[in-house]
Amino acid sequence: AQTVTQSQPEMSVQEAETVTLSCTYDTSESDYYLFWYKQPPSRQMILVIRQEAYKQQNATENRFSVNFQKAAKSFSLKISDSQLGDAAMYFCGNAGNMLTFGGGTRLMVKP
Amino acid sequence: DGGITQSPKYLFRKEGQNVTLSCEQNLNHDAMYWYRQDPGQGLRLIYYSQIVNDFQKGDIAEGYSVSREKKESFPLTVTSAQKNPTAFYLCASSNRRGGLGSPLHFGNGTRLTVT
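Taken in sequence, the protein lines are chains W and U. Read left to right, the first sequence gives residues 1 to 111 (the numbering used here). Read left to right, the second sequence gives residues 1 to 115 (the numbering used here).
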């Protein structure tokens, strides 16, 4: 069975600052991927970044990067130079045979 | 443009009635999924299908049923046996031939309210 835990229900960050969202997971599968999805107020789910578990190098997409610690089963998301448009719910996901999501972190960006 | 269409956006039903939520995709994806989202909570998997005429239960399948007669369509029926059906329902699809890393494409969701 897969589980994903996001321990921060809410986070806030000042515009232009950096924020890190935490995610831990558990899986018995040897081959899997990890994802971060963003859900703005429109409720449309948007893929932010993904990480292949067998790759040691941390994935990066513009202002978004991850810190993947496989042994610790940790997959945090760092958002640099935060923008007002980054305000949303962020969901961490683990894809083995199916994609399991954490409970989400609501990110607020203060101008 | 390719995408996933969920209809309707808002749905209201009386308690005790079955209701079917529509999900159609023209992305030629093999796999389709139904998730339920409650206020302030994450997404929980209801059912998924990796190929036509085959589907599997997710974490919260009780009170729900699905069919996958066509590749493009994966309707979800919320039955009267579902004790708390009021929720936001999201349909998604992925190209499983791309492997486990294939990202999910989501529809815009259906907000179901049962009174």
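Just so you know, the hints here were simulated from the structure itself, not pulled from any lab data. Each hint should be verified, as a subset may be incorrect.
[To be verified] Using 25 Å as the maximum straight-line C-alpha spacing, the simulated SDA-like pairs for lysine to any residue come out as follows:
{"no.": "1", "chain 1": "W", "residue 1": "Lys110", "chain 2": "U", "residue 2": "His105"}
{"no.": "2", "chain 1": "U", "residue 1": "Lys70", "chain 2": "U", "residue 2": "Ser49"}
{"no.": "3", "chain 1": "U", "residue 1": "Lys83", "chain 2": "W", "residue 2": "Gly103"}
{"no.": "4", "chain 1": "U", "residue 1": "Lys71", "chain 2": "W", "residue 2": "Met98"}
{"no.": "5", "chain 1": "W", "residue 1": "Lys73", "chain 2": "U", "residue 2": "Lys9"}
{"no.": "6", "chain 1": "U", "residue 1": "Lys57", "chain 2": "W", "residue 2": "Ser30"}
{"no.": "7", "chain 1": "W", "residue 1": "Lys78", "chain 2": "U", "residue 2": "Lys83"}
{"no.": "8", "chain 1": "W", "residue 1": "Lys70", "chain 2": "U", "residue 2": "Ser102"}
{"no.": "9", "chain 1": "U", "residue 1": "Lys9", "chain 2": "W", "residue 2": "Glu61"}
{"no.": "10", "chain 1": "W", "residue 1": "Lys55", "chain 2": "W", "residue 2": "Ser30"}
{"no.": "11", "chain 1": "W", "residue 1": "Lys70", "chain 2": "W", "residue 2": "Gln83"}
{"no.": "12", "chain 1": "W", "residue 1": "Lys110", "chain 2": "W", "residue 2": "Ile46"}
{"no.": "13", "chain 1": "W", "residue 1": "Lys73", "chain 2": "U", "residue 2": "Arg44"}
{"no.": "14", "chain 1": "U", "residue 1": "Lys57", "chain 2": "W", "residue 2": "Asp26"}
[Said to hold, decoys possible] Cβ-to-Cβ under 10 Å is the rule here; a few derived chain U residues that face chain W:
{"no.": "15", "residue": "Pro8"}
{"no.": "16", "residue": "Tyr10"}
{"no.": "17", "residue": "Gly16"}
{"no.": "18", "residue": "Gln17"}
{"no.": "19", "residue": "Tyr33"}
{"no.": "20", "residue": "Asn53"}
{"no.": "21", "residue": "Ala61"}
{"no.": "22", "residue": "Gly101"}
{"no.": "23", "residue": "Leu104"}
The beta carbon of each residue, even a glycine, is placed where N, CA and C say it ideally should be.
Right, here's what the structure says about each hint:
1. Lys110(W) with His105(U): Judged against 25 Å, a Cα distance of about 30 Å means the pair is violated.
2. Lys70(U) with Ser49(U): holds, 11 Å
3. Lys83(U) with Gly103(W): holds, 21 Å
4. Lys71(U) with Met98(W): Distance of about 18 Å is within 25 Å: holds.
5. Lys73(W) with Lys9(U): violated, 37 Å
6. Lys57(U) with Ser30(W): holds, 22 Å
7. Lys78(W) with Lys83(U): Distance of about 39 Å is beyond 25 Å: violated.
8. Lys70(W) with Ser102(U): It holds: about 20 Å lies between the C-alpha atoms, which stays within 25 Å.
9. Lys9(U) with Glu61(W): Given pair Lys9(U), Glu61(W) is violated - Cα atoms ~31 Å apart, limit 25 Å.
10. Lys55(W) with Ser30(W): holds, 12 Å
11. Lys70(W) with Gln83(W): Measuring from Cα to Cα gives roughly 29 Å; hence the hint is violated.
12. Lys110(W) with Ile46(W): Roughly 22 Å between the alpha carbons, so the hint for Lys110(W) and Ile46(W) holds.
13. Lys73(W) with Arg44(U): Holds, because 21 Å separates the two Cα atoms, which is no more than 25 Å.
14. Lys57(U) with Asp26(W): Judged against 25 Å, a Cα distance of about 20 Å means the pair holds.
15. Pro8: At 15 Å from the nearest chain W Cβ, Pro8(U) fails the 10 Å test, so the hint is violated.
16. Tyr10: Cβ of Tyr10(U) sits 12 Å from chain W, so the hint is violated.
17. Gly16: violated, 28 Å
18. Gln17: Gln17(U) check fails; min Cβ-Cβ to chain W is 25 Å, beyond 10 Å.
19. Tyr33: holds, 7 Å
20. Asn53: Violated, because the Cβ-Cβ distance from Asn53(U) to chain W comes to roughly 18 Å (cut-off 10 Å).
21. Ala61: violated, 12 Å
22. Gly101: holds, 4 Å
23. Leu104: holds, 6 Å
When each numbered hint is compared with the structure, violations occur for hints 1, 5, 7, 9, 11, 15, 16, 17, 18, 20 and 21.
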